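Enquirer: Using the sequences plus the hints, can you model the full thing?
Note that the sequence shown covers residues 0 to 482 in numbering that gives the first Met the number 0.
Label pairs and their calculated CB-CB ranges:
1) ALA320 x GLY244: 19 to 25 Å
2) SER229 x SER88: 47 to 53 Å
3) THR277 x GLY245: 22 to 28 Å
4) ASN388 x THR277: 44 to 50 Å
Keep in mind the hints are simulated off the structure, nothing from the lab. All values reported here derive from a predicted model rather than from experimental measurement. We put the beta carbon where it would ideally sit given N, CA and C, even for glycine.
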Amino acid sequence: MARWLTVTAVWVAMLILVLGQPHLASAATPEVQAFLGGVSSGPTTGGTGVRILGDKFADGAIVTFGGIPATDVMWLGARQLFVVSPPGSAGSVAVVVANPSGETNIGSLVWTYIQAGGVATATPAPGATSTPAATATPAVPTTQPIIGSIVPPSGPASGGTPVTINGNGFSTGSTVKFGANPATSVSVVSSTQITVVTPAGTQGPVAVLVTAPGSAVGGLDGGFTYSLSSPVVAGVTPISGPVAGGTVVTITGSGFLSGATVKFGGAFAPSVTVAGPTQILATTPPGVVGSVAVLIENPGGVAGGVPTGYTYTAPSLGLTAVSPNSGPVAGGTTVTISGAAFQFGATVTFGAAAATNVTVVGPTQITAVSPAGPPGSVAVTVTNPGGSNASMGGAFTYQGAGAGPISLPTKGLGLFVFGGGSNDDLVRASGCPVGTAAFWASDGVGGFIVYVPGTSIAAVNAAWNARFPAGLPASTPLGGRCQ
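Expert: And the structure:
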């Protein structure tokens, strides 16, 4: 992989740190102050990791050692670079940082190449006006961290991925960064292995840096790639609801990002609230009977879900209203029945009598014409094809006089029909002399169900009170005559 990024500088104050304590060196010009590390040398074979500190480093900068480009340049921001020295000849050379715009540092940084087994003498870089204070540099460091591989090499941008870093030169107390963000749970297992947990990051490849306690740094440019977080659905509650939609469900899992969308089958949830990376609240859209996938898509197009996470159920057959809820005993009232799960071909009954002109307008509405019925309230029942039915008790009340003709005695004088009232009102309305009235109650279809022979008012009252202990219903048709 391409390993290192780059630097910026219009003016640059730089520090090369490999190992050891820094010491002050001369500056080539008044504008540039360079601080060289106590170790500013490496083998002629190259391959030494070097950290450069300064200012105004630009992404894409080139670093050269005596005119030879560094093999790797990792840009760690405007104030820091990490590079790997190229092979070179024994002796001191200038280290130059050049931004893409052409700006460079003045030649005040010096790197000394050491032949194997040799001792280097530091000299000023070309153009420098003084010699560094140190006359010799220590031997080539042997504790430079080197990263060989990172497993796994990628993970979600939300972080939290356990990672193993393999290489050598790792020491207790080392720190690890993914880009500019420190890793957590850093454990130096051995000099060749470190385990960490990735921090959160942004999509794309980032450098991985290992810094030893003495500031020696080893890195791998693009060593880890952050991918957009893939949402994972662990549960959906409730797991079912009506085909009409409108059920608020709680989706639990991980990797949920703000702005995520939710689909039930192929339909988007009309309302989605991302409560956090592990919970989403969503309202189901309308659907069809059966199980559907629940799919969460994070911004950027990465999605995850479960194939049969939610089940749409058919509503139960039921009645919610009958309007109007009353009509004459003769029938003929057109009513609208509201409810759910009505099927075409359904029948309707008022009490035990079948309604006429039944029209199933849709699964939630039926119109029908009431049949004739006795006074009082009756249940309205809807029966679907196949036999399933649902009733609403007392949903319709029959009112008024009976449907059939009133039959009266065929002999005698002073025949009359009285539609209700108190017993005394009935007697007075008959116009019969006291004690000479006889009464019959009609069953509404032409037959008599009660006969009271002529007697006193008190006796008449007692007889009718026995027949109607709760009082004489106003809708009871009566017949009578004078004896």
